[in-house]
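Enquirer: Chains as they are written, first to last, in the working numbering: chain A, 1 to 365; chain B, 1 to 308.
It should be emphasised that the hints constitute simulated quantities derived from the structure, not laboratory data. Just so you know, not all the hints are guaranteed correct.
Claimed, not checked - With a straight-line Cα cutoff of 35 Å, these simulated DSBU-like cross-link-like pairs (lysine-lysine) come out:
(1) K118(A) <-> K265(A)
(2) K235(A) <-> K146(B)
(3) K138(A) <-> K339(A)
(4) K85(A) <-> K146(B)
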Amino acid sequence: METKLSMFFVTRCLALVLALALTACGAPAPAPATEAPPAELTGSLTVLDWAGYDAEDFWTDFKNTYPNVNVNFEIGASDADIYGKMKAGDQADIFHPYTGWLQFYVEEGLVEEIDTSKLTNWDKVPENFKEIGQFNGKQYFIPWDWGFTSILYRTDRVPEGIDSWSALMDPRFAGHLSMWDDGPGAVTVSSYIHEYDETAITEDQLAAIKEEWIAQRSLNLFYWAGEPELVDAMKSGDIWVAYAWQGAYALLLGEGVPVAYANPKEGRNSWVGVYGIRKGTENYELALKFLDSKLAEATGNNVVNLFYYGHSNQDVMTGITDETLKQAFSIDDPAILEKTNFTPNLTAEQRDAWTAMWAEVKAAP
Amino acid sequence: MTSAPSPSPQKMGEGERRAGGGWGLDHRATFRWLIFPPFVWLGLFLIAPLLLMAAFSFRSDLRGDLLQVWTPTLAQYARLAEVGSYWRLLGISALMALGVAVAAAILAYPLAYFLAFHGGAATGLYLVLLLVPFWTSYLLRVMAWKLMLGTEGVINSFLQYIHLIEEPLPALLYNRTAVIITLIYVWIPFAMLPILAALQRIEWSLFEAAADLGARPFHQFTRITLPLSLPGVFAAFFMVFIPTVGEYVTPILVGGSSGSMYGNIIQDFFTKAANWPLGSALSMIMLLATLLFVFIAIRLINLRELLE
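Start from the sequences, fold in the hints, and give me the full structure.
Expert: Written as structure tokens, this is what we have:
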């Protein structure tokens, strides 16, 4: 008994020393043949994420498997904010950008390639999702959450329904419209309405888009920045028609508010959130473990059930039985993906031009 | 009794000053040591970032390393010069700040007056009561105005309850007026403090003398109280005006799509556009415009003369 205990003690100490030595060296040293059991792994990780995603529900698999690893969160307010922080030298090991903004990290050398051979859950991610995180033939990001953007509306106020993105400019809804506070988002909507090629907007088209949104401003009650703000205003009846993610739709449905999520004839928009590892991090191996557990099922189920967003693990998605959620994801509509426009990546010039366009809309007389 | 010779106050003052001359130098040295930490603090966290921001405004874009040597360019300023709406918005924001500062100072005056002359023993208590709401977050207080002004808010509900209106008034929230109302409310207690300090400094003997000479309360106010408290009023004005020009939180919460201020545009270029060079150029313009305004205003009012 006593020898057993002391043996246990010795191996434990060895594992601890090994782990400490590994974190201290920081170099991607070859993994020891006998790696410490997960429960005894120590260390610390910093994740730059969006508000809400720091809740333990969204990394529960990691928490349970590696209880002794210390995970810290920093919060970013938007894609631009997260990009700005990483650009300014933020020391977070892991960060969470969305489609549209991924290539900037690759171009500026801020993201490390992902060794997918070390991800046990990688097989469960569909190929088309994986491709979103690939640049120059390398996997830089792992896809994680996804969702739609469409028009969300109050069915009691708009009984005739909505079948086009142009509803956001409809004077019938004056004072009850809400657009997302985002330049690229506005360009996307106008592109759908006027059938512009979103990846090749000309200067004339951008000028027309600006005029369109300046005219829209007098009909728009407020530009929403966070989902709760929009949900409250739709619940109270101030907003009837809004640009929205399906998270807001599912939340309002759950609260019994009469709302519907349009299937515009121009198609819905869709986005994917990914995780990347900072180039030069000393915690690369640990970060890989974190990303792997992000793809695990319990974490995925929480994303679906608590935030009403899709998850990149297909087992999670096929396991959904809740009717509200099925409706939110349009899981029973086999044609939904054909009617969806995926968010293209921006160039730096587009980013600067489109965000400046939006600022000029807000500053317009 | 009154004619009994007594040392003139002026002479006594001189004597005191002379007596204190011995430790005057030491006093100054101590002062230098005391000023050192705040000086370093300001240097590190105000001056250095400001200089960095000024440098960024001469950068062409955010590509490459953040801290690198770049060729200064006026591209950002040239771009801003083309966009008339930014300049117009700066003018509107300055006018809004002017209105808010004047209103807050005027509304704070009676409050300060009451506390200074009629508060009695309870002055401290009143002051605490006035400042208690400010122990809660700024955000919460502004959110409270959303509850007041919203379509289902307190004002609309009350008007509907007394059947003055049938449908809620939508115009109360999400416009510039809502921003101005909220800002005035937020600033009144702050504006009150320098006015209160100025009023409390006024010597009672002046009022006694005025009363002896037959001045009515109204004349006492216009000839003594108001002129002597003006430095406090101007301090209150600038304290409100300067930060309000660059305000951006209140417009986000209650301003709606048409209530943006110049500060919102700056914020957008930093947090929604990752375009720090343009945001920096916008900030520098606002900084210079505000400094210019304050400089002219101080010249016009001749603050120094007022203070002496």
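Enquirer: So, for every hint listed, does it hold in this structure?
Expert: Each hint tested on the structure:
1. K118(A) <-> K265(A): violated (42 Å)
2. K235(A) <-> K146(B): holds (15 Å)
3. K138(A) <-> K339(A): holds (29 Å)
4. K85(A) <-> K146(B): Holds - the C-alpha atoms of K146(B) and K85(A) are around 31 Å apart, at most 35 Å.
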